[in-house]
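All chains should be modelled from the sequences, with the hints used to inform the complete structure.
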Amino acid sequence: MFAAGDVVWRKYLVVCSLLVLVVGACFGCGDDESIRIGLSAPLSGRYSDLGIQGQKGAELAVDAVNARGGVAGRTLELEVLNDSGTVEGALDADRTLMDHDVVAVVGHYLSAQSLAAVEKFADKPLVFVSPTTSTPLLSRQKDNFFRVMPSNEEWAAALAGFVAKKMDRPSVLMVVDGDNRGYTSTFCNAFSNRYAQLGGEASSEIQFYSHSAGWQQAVVERVAQEKPGALLVAASAMDTASVAGRLRQNGYKLPILITPWAYTKGLVRAGGSAVEGVISSMSYDENSRMPEFVAFKDAFRRRFEAKPHFAAAFSYDAIMALADALERTAGKPAGLARELARVRDLPGSMGPFSINDAGDVHRAYFIVTVKDGELHTLSRVTGE
1 MFAAGDVVWR KYLVVCSLLV LVVGACFGCG DDESIRIGLS APLSGRYSDL GIQGQKGAEL
61 AVDAVNARGG VAGRTLELEV LNDSGTVEGA LDADRTLMDH DVVAVVGHYL SAQSLAAVEK
121 FADKPLVFVS PTTSTPLLSR QKDNFFRVMP SNEEWAAALA GFVAKKMDRP SVLMVVDGDN
181 RGYTSTFCNA FSNRYAQLGG EASSEIQFYS HSAGWQQAVV ERVAQEKPGA LLVAASAMDT
241 ASVAGRLRQN GYKLPILITP WAYTKGLVRA GGSAVEGVIS SMSYDENSRM PEFVAFKDAF
301 RRRFEAKPHF AAAFSYDAIM ALADALERTA GKPAGLAREL ARVRDLPGSM GPFSINDAGD
361 VHRAYFIVTV KDGELHTLSR VTGE
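So the sequence shown is residues 1 to 384, counted in full-length UniProt numbering.
Incorrect hints may have been included.
[Stated by the list, open to error] Straight-line C-alpha distance at most 20 Å; calculated SDA-like pairs for lysine to any residue:
#: 1; residue 1: Lys120; residue 2: Asp143
#: 2; residue 1: Lys265; residue 2: Glu276
#: 3; residue 1: Lys124; residue 2: Ala341
#: 4; residue 1: Lys307; residue 2: Gly272
#: 5; residue 1: Lys371; residue 2: Leu254
#: 6; residue 1: Lys371; residue 2: Arg248
#: 7; residue 1: Lys165; residue 2: Glu201
#: 8; residue 1: Lys371; residue 2: Arg289
#: 9; residue 1: Lys297; residue 2: Pro352
#: 10; residue 1: Lys253; residue 2: Arg289
#: 11; residue 1: Lys120; residue 2: Asp99
#: 12; residue 1: Lys56; residue 2: Leu81
#: 13; residue 1: Lys265; residue 2: His376
#: 14; residue 1: Lys124; residue 2: Gln141
#: 15; residue 1: Lys253; residue 2: Lys332
#: 16; residue 1: Lys56; residue 2: Val80
#: 17; residue 1: Lys297; residue 2: Ala64
#: 18; residue 1: Lys120; residue 2: Ser84
#: 19; residue 1: Lys265; residue 2: Ala306
#: 20; residue 1: Lys332; residue 2: Gly70
#: 21; residue 1: Lys120; residue 2: Ser139
#: 22; residue 1: Lys165; residue 2: Arg380
#: 23; residue 1: Lys265; residue 2: Gly45
[Claimed, not checked] FRET-style restraints, in silico, Cβ to Cβ:
#: 24; residue 1: Arg301; residue 2: Gln207; range: 34 to 42 Å
#: 25; residue 1: Gln249; residue 2: Ala306; range: 27 to 35 Å
#: 26; residue 1: Gln225; residue 2: Ala67; range: 53 to 61 Å
#: 27; residue 1: Glu119; residue 2: Glu79; range: 21 to 29 Å
#: 28; residue 1: Gly277; residue 2: Arg36; range: 42 to 50 Å
It is worth saying that the hints were derived from the structure and are not from the lab.
We put the CB at the ideal spot given by N, CA and C, even for glycine.
Written as C-alpha coordinates, this is what we have:
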(Lines of atoms letter the chains of each structure in order from A and count residues from 1; the text may use other names and numbers.)
(Lines give C-alpha, C1' and ligand atoms only; values in the text may rest on other atoms or scores of the structure.)
Protein backbone atom coordinates (compact mmCIF):
# COMPACT_ATOMS: atom_id res chain seq x y z
CA MET A 1 0.00 0.00 0.00
CA PHE A 2 1.19 3.56 -0.82
CA ALA A 3 0.88 6.48 1.52
CA ALA A 4 -1.37 9.37 0.38
CA GLY A 5 1.64 11.56 -0.32
CA ASP A 6 3.19 8.85 -2.47
CA VAL A 7 0.03 8.56 -4.54
CA VAL A 8 -0.10 12.30 -5.20
CA TRP A 9 3.56 12.33 -6.17
CA ARG A 10 3.16 9.41 -8.55
CA LYS A 11 0.13 11.07 -10.20
CA TYR A 12 2.25 14.18 -10.67
CA LEU A 13 4.98 12.15 -12.37
CA VAL A 14 2.47 10.49 -14.70
CA VAL A 15 1.02 13.86 -15.72
CA CYS A 16 4.50 15.27 -16.38
CA SER A 17 5.42 12.22 -18.46
CA LEU A 18 2.29 12.60 -20.56
CA LEU A 19 3.05 16.27 -21.11
CA VAL A 20 6.53 15.38 -22.32
CA LEU A 21 5.08 12.86 -24.78
CA VAL A 22 2.51 15.36 -26.06
CA VAL A 23 5.10 18.10 -26.51
CA GLY A 24 7.44 15.65 -28.25
CA ALA A 25 4.66 14.54 -30.55
CA CYS A 26 3.90 18.15 -31.44
CA PHE A 27 7.51 18.71 -32.39
CA GLY A 28 7.34 15.53 -34.48
CA CYS A 29 4.41 16.99 -36.37
CA GLY A 30 6.50 19.97 -37.43
CA ASP A 31 10.09 20.22 -38.58
CA ASP A 32 10.91 16.61 -37.63
CA GLU A 33 8.69 15.22 -40.38
CA SER A 34 10.39 13.80 -43.43
CA ILE A 35 10.80 15.91 -46.56
CA ARG A 36 8.78 14.29 -49.34
CA ILE A 37 10.21 14.32 -52.89
CA GLY A 38 8.25 12.92 -55.82
CA LEU A 39 9.70 10.90 -58.67
CA SER A 40 7.73 10.47 -61.90
CA ALA A 41 9.33 7.91 -64.20
CA PRO A 42 8.46 5.43 -66.97
CA LEU A 43 8.62 2.18 -65.01
CA SER A 44 6.77 0.21 -67.68
CA GLY A 45 6.58 0.30 -71.45
CA ARG A 46 9.16 1.07 -74.13
CA TYR A 47 11.03 3.62 -72.05
CA SER A 48 11.23 1.64 -68.81
CA ASP A 49 15.00 1.24 -69.11
CA LEU A 50 15.25 4.94 -68.25
CA GLY A 51 12.73 4.88 -65.42
CA ILE A 52 13.87 1.75 -63.63
CA GLN A 53 17.49 2.90 -63.59
CA GLY A 54 16.35 6.39 -62.63
CA GLN A 55 14.40 5.12 -59.64
CA LYS A 56 17.38 3.13 -58.41
CA GLY A 57 19.74 6.08 -58.75
CA ALA A 58 17.32 8.34 -56.87
CA GLU A 59 16.84 5.78 -54.09
CA LEU A 60 20.61 5.46 -53.71
CA ALA A 61 20.94 9.23 -53.36
CA VAL A 62 18.13 9.46 -50.79
CA ASP A 63 19.81 6.75 -48.72
CA ALA A 64 23.15 8.57 -48.94
CA VAL A 65 21.62 11.89 -47.83
CA ASN A 66 19.75 10.27 -44.95
CA ALA A 67 22.86 8.37 -43.84
CA ARG A 68 24.70 11.65 -43.36
CA GLY A 69 21.91 13.15 -41.27
CA GLY A 70 19.32 14.18 -43.85
CA VAL A 71 18.48 17.77 -44.72
CA ALA A 72 18.08 20.37 -42.00
CA GLY A 73 17.86 17.52 -39.50
CA ARG A 74 15.04 15.80 -41.41
CA THR A 75 15.07 12.66 -43.53
CA LEU A 76 14.22 12.59 -47.21
CA GLU A 77 11.33 10.41 -48.38
CA LEU A 78 10.89 9.41 -52.03
CA GLU A 79 7.42 8.84 -53.47
CA VAL A 80 7.67 7.04 -56.81
CA LEU A 81 4.95 7.00 -59.48
CA ASN A 82 4.93 5.23 -62.84
CA ASP A 83 4.05 7.68 -65.62
CA SER A 84 4.34 4.96 -68.32
CA GLY A 85 6.42 7.27 -70.54
CA THR A 86 3.40 9.22 -71.78
CA VAL A 87 2.45 12.88 -71.52
CA GLU A 88 -0.91 11.99 -69.97
CA GLY A 89 0.78 9.72 -67.44
CA ALA A 90 3.24 12.45 -66.50
CA LEU A 91 0.54 15.06 -65.92
CA ASP A 92 -1.53 12.62 -63.85
CA ALA A 93 1.52 11.75 -61.76
CA ASP A 94 2.28 15.43 -61.19
CA ARG A 95 -1.26 16.11 -59.98
CA THR A 96 -1.07 13.20 -57.55
CA LEU A 97 2.32 14.27 -56.24
CA MET A 98 1.10 17.83 -55.73
CA ASP A 99 -1.86 16.47 -53.77
CA HIS A 100 0.64 14.60 -51.61
CA ASP A 101 2.54 17.81 -50.83
CA VAL A 102 5.91 16.91 -52.31
CA VAL A 103 8.44 19.75 -52.28
CA ALA A 104 9.61 18.91 -55.82
CA VAL A 105 9.32 16.34 -58.59
CA VAL A 106 12.34 14.52 -59.98
CA GLY A 107 11.23 14.23 -63.60
CA HIS A 108 10.42 13.95 -66.25
CA TYR A 109 12.50 11.50 -68.23
CA LEU A 110 11.22 12.36 -71.71
CA SER A 111 11.41 15.81 -73.26
CA ALA A 112 7.80 15.64 -74.47
CA GLN A 113 6.67 15.03 -70.89
CA SER A 114 8.74 17.88 -69.47
CA LEU A 115 7.51 20.32 -72.11
CA ALA A 116 3.90 19.44 -71.30
CA ALA A 117 4.40 19.63 -67.53
CA VAL A 118 6.15 23.00 -67.61
CA GLU A 119 3.35 24.45 -69.73
CA LYS A 120 0.54 22.87 -67.69
CA PHE A 121 1.86 23.79 -64.26
CA ALA A 122 3.54 27.10 -65.02
CA ASP A 123 1.35 28.86 -62.45
CA LYS A 124 2.06 26.31 -59.70
CA PRO A 125 4.90 26.53 -57.18
CA LEU A 126 5.96 22.95 -57.96
CA VAL A 127 9.61 22.59 -59.01
CA PHE A 128 10.77 19.99 -61.55
CA VAL A 129 14.34 18.66 -61.64
CA SER A 130 14.78 16.43 -64.69
CA PRO A 131 17.56 13.84 -64.83
CA THR A 132 17.34 13.21 -68.59
CA THR A 133 15.35 15.92 -70.41
CA SER A 134 17.72 17.63 -72.84
CA THR A 135 15.54 19.49 -75.33
CA PRO A 136 16.85 23.02 -76.00
CA LEU A 137 13.22 24.21 -76.09
CA LEU A 138 13.50 24.48 -72.29
CA SER A 139 16.92 26.15 -72.28
CA ARG A 140 17.65 29.71 -71.18
CA GLN A 141 14.26 30.15 -69.49
CA LYS A 142 13.63 31.23 -65.92
CA ASP A 143 10.76 28.99 -64.87
CA ASN A 144 10.03 26.06 -62.55
CA PHE A 145 12.13 23.63 -64.60
CA PHE A 146 15.70 22.60 -63.75
CA ARG A 147 17.87 19.83 -65.10
CA VAL A 148 21.14 18.03 -64.48
CA MET A 149 21.57 16.87 -68.09
CA PRO A 150 22.80 19.41 -70.66
CA SER A 151 20.90 20.49 -73.75
CA ASN A 152 21.19 18.01 -76.59
CA GLU A 153 22.43 20.78 -78.90
CA GLU A 154 25.89 20.35 -77.37
CA TRP A 155 25.95 16.59 -77.88
CA ALA A 156 24.60 16.85 -81.41
CA ALA A 157 27.33 19.33 -82.34
CA ALA A 158 29.98 17.10 -80.78
CA LEU A 159 28.69 14.08 -82.70
CA ALA A 160 28.67 16.06 -85.96
CA GLY A 161 32.26 17.09 -85.33
CA PHE A 162 33.32 13.50 -84.75
CA VAL A 163 31.58 12.23 -87.90
CA ALA A 164 33.06 15.01 -90.03
CA LYS A 165 36.57 14.50 -88.70
CA LYS A 166 36.80 10.75 -88.19
CA MET A 167 34.38 9.37 -90.81
CA ASP A 168 35.17 11.61 -93.81
CA ARG A 169 31.76 13.35 -93.91
CA PRO A 170 29.36 10.67 -95.24
CA SER A 171 25.85 11.73 -96.29
CA VAL A 172 23.50 11.10 -93.36
CA LEU A 173 19.85 10.01 -93.43
CA MET A 174 18.03 10.95 -90.21
CA VAL A 175 15.37 8.63 -88.75
CA VAL A 176 13.22 10.61 -86.32
CA ASP A 177 10.73 9.42 -83.67
CA GLY A 178 7.65 11.60 -84.11
CA ASP A 179 6.31 10.83 -80.62
CA ASN A 180 9.11 12.73 -78.87
CA ARG A 181 9.93 15.48 -81.36
CA GLY A 182 10.75 17.96 -78.60
CA TYR A 183 13.89 15.87 -78.19
CA THR A 184 14.45 14.10 -81.50
CA SER A 185 13.89 17.02 -83.86
CA THR A 186 16.03 19.43 -81.87
CA PHE A 187 18.86 16.91 -81.75
CA CYS A 188 18.67 16.26 -85.49
CA ASN A 189 18.42 19.95 -86.33
CA ALA A 190 21.47 20.77 -84.23
CA PHE A 191 23.39 17.87 -85.79
CA SER A 192 22.39 18.86 -89.32
CA ASN A 193 23.29 22.53 -88.83
CA ARG A 194 26.70 21.80 -87.34
CA TYR A 195 27.41 19.06 -89.87
CA ALA A 196 26.65 21.46 -92.74
CA GLN A 197 29.06 24.00 -91.25
CA LEU A 198 31.72 21.29 -91.34
CA GLY A 199 31.02 20.42 -94.98
CA GLY A 200 28.72 17.44 -94.45
CA GLU A 201 25.15 16.80 -95.59
CA ALA A 202 22.31 15.55 -93.36
CA SER A 203 19.26 17.11 -94.95
CA SER A 204 17.20 13.99 -95.62
CA GLU A 205 14.79 12.75 -92.94
CA ILE A 206 12.19 10.04 -92.39
CA GLN A 207 9.75 10.30 -89.49
CA PHE A 208 8.10 7.33 -87.80
CA TYR A 209 5.76 6.52 -84.91
CA SER A 210 6.68 3.47 -82.88
CA HIS A 211 3.08 2.28 -82.56
CA SER A 212 2.75 2.13 -86.37
CA ALA A 213 3.34 -1.24 -88.01
CA GLY A 214 5.98 -1.56 -90.70
CA TRP A 215 7.99 1.59 -90.02
CA GLN A 216 11.26 -0.37 -89.82
CA GLN A 217 10.77 -1.71 -93.34
CA ALA A 218 10.00 1.81 -94.55
CA VAL A 219 13.43 2.86 -93.26
CA VAL A 220 15.08 -0.06 -95.07
CA GLU A 221 13.37 0.94 -98.32
CA ARG A 222 14.45 4.56 -97.89
CA VAL A 223 18.04 3.45 -97.34
CA ALA A 224 17.84 1.33 -100.50
CA GLN A 225 16.52 4.34 -102.42
CA GLU A 226 18.89 7.06 -101.18
CA LYS A 227 21.99 4.99 -100.37
CA PRO A 228 23.22 7.25 -97.53
CA GLY A 229 26.70 6.86 -96.12
CA ALA A 230 25.41 6.73 -92.53
CA LEU A 231 22.18 6.72 -90.54
CA LEU A 232 21.30 8.93 -87.56
CA VAL A 233 18.54 7.27 -85.53
CA ALA A 234 16.83 9.62 -83.06
CA ALA A 235 14.69 7.19 -81.09
CA SER A 236 14.40 5.13 -77.92
CA ALA A 237 16.70 2.20 -77.18
CA MET A 238 14.06 -0.34 -78.21
CA ASP A 239 13.23 1.38 -81.49
CA THR A 240 16.89 1.99 -82.29
CA ALA A 241 17.68 -1.68 -81.70
CA SER A 242 14.68 -2.70 -83.81
CA VAL A 243 15.62 -0.69 -86.89
CA ALA A 244 19.31 -1.59 -86.56
CA GLY A 245 18.36 -5.26 -86.53
CA ARG A 246 16.17 -4.87 -89.60
CA LEU A 247 18.93 -3.08 -91.51
CA ARG A 248 21.53 -5.72 -90.64
CA GLN A 249 19.10 -8.50 -91.62
CA ASN A 250 18.80 -6.86 -95.03
CA GLY A 251 22.56 -6.75 -95.46
CA TYR A 252 23.16 -3.06 -94.77
CA LYS A 253 26.37 -2.40 -92.85
CA LEU A 254 26.37 1.39 -92.96
CA PRO A 255 27.46 3.22 -89.77
CA ILE A 256 24.63 4.00 -87.36
CA LEU A 257 24.70 7.13 -85.22
CA ILE A 258 22.34 7.31 -82.25
CA THR A 259 21.14 9.82 -79.67
CA PRO A 260 22.02 9.66 -75.96
CA TRP A 261 18.40 8.69 -75.31
CA ALA A 262 19.07 5.24 -76.78
CA TYR A 263 22.50 4.73 -75.25
CA THR A 264 21.49 2.31 -72.49
CA LYS A 265 21.91 -1.31 -71.45
CA GLY A 266 18.50 -1.89 -72.97
CA LEU A 267 19.94 -1.03 -76.39
CA VAL A 268 22.60 -3.73 -76.07
CA ARG A 269 20.16 -6.32 -74.70
CA ALA A 270 17.61 -5.70 -77.44
CA GLY A 271 20.01 -5.09 -80.32
CA GLY A 272 22.78 -7.59 -79.73
CA SER A 273 25.32 -7.69 -82.54
CA ALA A 274 23.18 -5.34 -84.67
CA VAL A 275 24.15 -2.38 -82.47
CA GLU A 276 27.87 -3.15 -82.34
CA GLY A 277 29.78 -0.03 -83.36
CA VAL A 278 26.92 2.48 -83.06
CA ILE A 279 28.23 5.92 -82.11
CA SER A 280 26.73 8.60 -79.91
CA SER A 281 27.72 11.51 -77.69
CA MET A 282 26.67 12.35 -74.15
CA SER A 283 27.77 13.63 -70.74
CA TYR A 284 28.29 10.20 -69.24
CA ASP A 285 31.51 8.20 -69.28
CA GLU A 286 30.87 4.51 -68.67
CA ASN A 287 34.61 3.94 -68.22
CA SER A 288 35.36 6.90 -65.96
CA ARG A 289 37.95 6.39 -63.21
CA MET A 290 37.01 9.57 -61.37
CA PRO A 291 36.75 8.79 -57.64
CA GLU A 292 33.19 10.15 -57.51
CA PHE A 293 31.99 7.86 -60.28
CA VAL A 294 33.84 4.81 -58.98
CA ALA A 295 32.23 5.33 -55.57
CA PHE A 296 28.79 5.80 -57.13
CA LYS A 297 29.13 2.74 -59.37
CA ASP A 298 30.38 0.54 -56.52
CA ALA A 299 27.54 1.65 -54.24
CA PHE A 300 25.00 1.01 -57.01
CA ARG A 301 26.35 -2.48 -57.65
CA ARG A 302 26.30 -3.37 -53.95
CA ARG A 303 22.72 -2.19 -53.56
CA PHE A 304 21.15 -3.44 -56.79
CA GLU A 305 23.60 -6.08 -58.09
CA ALA A 306 23.65 -4.34 -61.46
CA LYS A 307 25.64 -1.73 -63.37
CA PRO A 308 24.23 1.81 -63.55
CA HIS A 309 23.78 3.82 -66.72
CA PHE A 310 23.29 7.53 -67.28
CA ALA A 311 19.65 7.64 -66.09
CA ALA A 312 20.73 6.28 -62.71
CA ALA A 313 23.70 8.63 -62.46
CA PHE A 314 21.75 11.77 -63.33
CA SER A 315 18.80 10.79 -61.10
CA TYR A 316 21.32 10.51 -58.29
CA ASP A 317 22.59 13.98 -59.14
CA ALA A 318 19.05 15.39 -59.28
CA ILE A 319 18.41 14.28 -55.69
CA MET A 320 21.76 15.67 -54.58
CA ALA A 321 20.96 19.04 -56.19
CA LEU A 322 17.61 19.13 -54.39
CA ALA A 323 19.22 18.19 -51.08
CA ASP A 324 21.80 20.95 -51.51
CA ALA A 325 19.13 23.56 -52.26
CA LEU A 326 16.75 22.32 -49.54
CA GLU A 327 19.49 22.67 -46.95
CA ARG A 328 19.44 26.41 -47.63
CA THR A 329 15.63 26.60 -47.39
CA ALA A 330 15.56 24.62 -44.12
CA GLY A 331 13.74 21.85 -45.97
CA LYS A 332 10.88 24.10 -47.08
CA PRO A 333 9.59 24.45 -50.66
CA ALA A 334 9.53 28.25 -50.38
CA GLY A 335 12.64 29.61 -52.10
CA LEU A 336 13.59 26.22 -53.54
CA ALA A 337 13.73 27.43 -57.17
CA ARG A 338 15.95 30.32 -56.15
CA GLU A 339 18.37 28.02 -54.33
CA LEU A 340 18.49 25.44 -57.11
CA ALA A 341 19.75 28.21 -59.40
CA ARG A 342 22.57 28.71 -56.89
CA VAL A 343 23.91 25.16 -56.99
CA ARG A 344 27.63 25.55 -57.63
CA ASP A 345 30.36 22.93 -58.05
CA LEU A 346 28.25 20.30 -56.34
CA PRO A 347 29.92 16.87 -56.16
CA GLY A 348 28.03 14.52 -58.48
CA SER A 349 28.32 11.06 -59.95
CA MET A 350 30.38 12.35 -62.90
CA GLY A 351 32.20 15.07 -61.00
CA PRO A 352 31.20 18.58 -59.89
CA PHE A 353 28.32 20.37 -61.65
CA SER A 354 26.55 23.71 -61.39
CA ILE A 355 23.07 24.96 -62.29
CA ASN A 356 22.64 28.47 -63.69
CA ASP A 357 19.87 31.04 -63.27
CA ALA A 358 17.88 29.50 -66.13
CA GLY A 359 18.00 26.03 -64.57
CA ASP A 360 20.48 24.69 -67.14
CA VAL A 361 23.60 22.67 -66.43
CA HIS A 362 26.86 22.43 -68.34
CA ARG A 363 29.17 19.41 -68.29
CA ALA A 364 31.94 17.83 -70.31
CA TYR A 365 30.73 15.36 -72.93
CA PHE A 366 32.02 12.18 -74.52
CA ILE A 367 31.95 10.26 -77.80
CA VAL A 368 30.71 6.77 -76.98
CA THR A 369 30.07 3.46 -78.73
CA VAL A 370 29.08 -0.17 -78.21
CA LYS A 371 32.10 -2.47 -78.28
CA ASP A 372 32.00 -6.23 -77.67
CA GLY A 373 28.53 -5.92 -76.21
CA GLU A 374 29.52 -3.23 -73.72
CA LEU A 375 29.05 0.54 -73.53
CA HIS A 376 32.44 2.08 -74.23
CA THR A 377 33.87 5.61 -74.26
CA LEU A 378 35.98 6.63 -77.27
CA SER A 379 37.01 10.16 -76.33
CA ARG A 380 36.29 13.12 -74.07
CA VAL A 381 35.28 16.54 -75.41
CA THR A 382 35.50 19.55 -73.12
CA GLY A 383 32.64 22.02 -73.57
CA GLU A 384 33.39 25.63 -74.28
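To see whether the hints hold, each was checked on the structure:
1. Lys120 <-> Asp143: Answer holds: Lys120 to Asp143 is near 12 Å, not above 20 Å.
2. Lys265 <-> Glu276: Holds - the C-alpha atoms of Glu276 and Lys265 are around 13 Å apart, at most 20 Å.
3. Lys124 <-> Ala341: holds, 18 Å
4. Lys307 <-> Gly272: With Cα atoms ~18 Å apart, Lys307 and Gly272 stay inside 20 Å; holds.
5. Lys371 <-> Leu254: With a Cα-Cα distance of about 16 Å, the restraint between Lys371 and Leu254 holds, given a limit of 20 Å.
6. Lys371 <-> Arg248: This hinted pair holds, its Cα atoms lying about 17 Å apart.
7. Lys165 <-> Glu201: holds, 14 Å
8. Lys371 <-> Arg289: holds, 18 Å
9. Lys297 <-> Pro352: Given pair Lys297, Pro352 holds - Cα atoms ~16 Å apart, limit 20 Å.
10. Lys253 <-> Arg289: Violated - the C-alpha atoms of Arg289 and Lys253 are around 33 Å apart, more than 20 Å.
11. Lys120 <-> Asp99: holds, 16 Å
12. Lys56 <-> Leu81: Within the cut-off at roughly 13 Å; holds.
13. Lys265 <-> His376: Roughly 11 Å separates the two Cα atoms, so the pair holds.
14. Lys124 <-> Gln141: holds, 16 Å
15. Lys253 <-> Lys332: violated, 55 Å
16. Lys56 <-> Val80: Satisfied, since the Cα-Cα distance of roughly 11 Å is no more than 20 Å.
17. Lys297 <-> Ala64: holds, 13 Å
18. Lys120 <-> Ser84: holds, 18 Å
19. Lys265 <-> Ala306: holds, 11 Å
20. Lys332 <-> Gly70: With Cα atoms ~13 Å apart, Lys332 and Gly70 stay inside 20 Å; holds.
21. Lys120 <-> Ser139: This hinted pair holds, its Cα atoms lying about 17 Å apart.
22. Lys165 <-> Arg380: holds, 15 Å
23. Lys265 <-> Gly45: holds, 15 Å
24. Arg301 <-> Gln207: 34 to 42 Å: Roughly 39 Å apart at Cβ, these two residues keep to the hinted range, so it holds.
25. Gln249 <-> Ala306: 27 to 35 Å: For Ala306 against Gln249, whose Cβ atoms are near 30 Å apart, the range 27 to 35 Å holds.
26. Gln225 <-> Ala67: 53 to 61 Å: holds, 58 Å
27. Glu119 <-> Glu79: 21 to 29 Å: Cβ of Glu119 to Cβ of Glu79: about 23 Å, so the range 21 to 29 Å holds.
28. Gly277 <-> Arg36: 42 to 50 Å: Given about 45 Å between the Cβ atoms, the range holds.
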